[in-house]
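Visitor: Here is what each chain is made of, one letter per residue.
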Amino acid sequence: GAGVSQSPRYKVAKRGQDVALRCDPISGHVSLFWYQQALGQGPEFLTYFQNEAQLDKSGLPSDRFFAERPEGSVSTLKIQRTQQEDSAVYLCASSYYGTTYEQYFGPGTRLTVT
Amino acid sequence: AQTVTQSQPEMSVQEAETVTLSCTYDTSENNYYLFWYKQPPSRQMILVIRQEAYKQQNATENRFSVNFQKAAKSFSLKISDSQLGDTAMYFCAFMTMEYGNKLVFGAGTILRVKS
Numbered sequence: 446g447a448g449v450s451q452s453p454r455y456k457v458a459k460r461g462q463d464v465a466l467r468c469d470p471i472s473g474h475v476s477l478f479w480y481q482q483a484l485g486q487g488p489e490f491l492t493y494f495q496n497e498a499q500l501d502k503s504g505l506p507s508d509r510f511f512a513e514r515p516e517g518s519v520s521t522l523k524i525q526r527t528q529q530e531d532s533a534v535y536l537c538a539s540s541y542y543g544t545t546y547e548q549y550f551g552p553g554t555r556l557t558v559t
Numbered sequence: 002a003q004t005v006t007q008s009q010p011e012m013s014v015q016e017a018e019t020v021t022l023s024c025t026y027d028t029s030e031n032n033y034y035l036f037w038y039k040q041p042p043s044r045q046m047i048l049v050i051r052q053e054a055y056k057q058q059n060a061t062e063n064r065f066s067v068n069f070q071k072a073a074k075s076f077s078l079k080i081s082d083s084q085l086g087d088t089a090m091y092f093c094a095f096m097t098m099e100y101g102n103k104l105v106f107g108a109g110t111i112l113r114v115k116s
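Heads up: the sequence lines are chains X and S, in that order. Per the working numbering, the first sequence starts with residue 446, numbered consecutively. Per the working numbering, the second sequence starts with residue 2, numbered consecutively.
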């Protein structure tokens, strides 16, 4: 079956622009996660959804970051008024809420803010 | 707070040889999960192996095995018969139900397999 997909794969934004990053999880996966990965670093947790409910948003770095998953499938991460420090790869992962707890990752969206 | 430390920024190994990547973690939880993920240059993160903390037996997946030392909070990855395709960044990660299934990653180890 299809894996986790993300779009766009690459995004260049000018400082101050708003961006929207999309994640399509594996069909039937209840849990969805967003991570931010700076160059040469490990991913860092941003937010977590179980179906359409956002259960944890403790990792969002500022109120410029907003995520939603209105129908419990596709999710969008929105960054308002982008800053240079927002440049990173944004990874989406999904998992079936069961006993394996394995998270399946998408290819990521590389955001460059100029 | 949960932390994961990978003390080896880069490692090299000859093809067909064995290499061990180190990982330590810090937690006060008793029930948790540990993972090794591989991230090739294409950036798609792939699960290599997982270990449940309540299991004493070390996990094994083909050429990949772990040495899980719960008291020492150590979780190393051994790759046997290294192949060129093993070249990648390897991340150790920790998860506990107490913190909602989110993964806490180490900084990663770049592994280069040389022919």
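Some clues are possibly wrong.
Stretches of chain X that chain S covers, calculated by requiring three or more beta carbons in the stretch to come under 8 Å of a beta carbon on chain S [as the list claims (entries may be wrong)]:
1. 474-486
2. 490-501
3. 550-557
Worth flagging that the hints you see were computed from the coordinates, not collected in a lab. Glycine included, C-beta positions come from ideal geometry on N, C-alpha and C.
Visitor: Against each hint, give a clear statement of whether it holds in the structure.
Guide: A quick look at each hint next to the structure:
no.	hint	verdict
1	474-486	holds (count 5)
2	490-501	holds (count 4)
3	550-557	holds (count 4)
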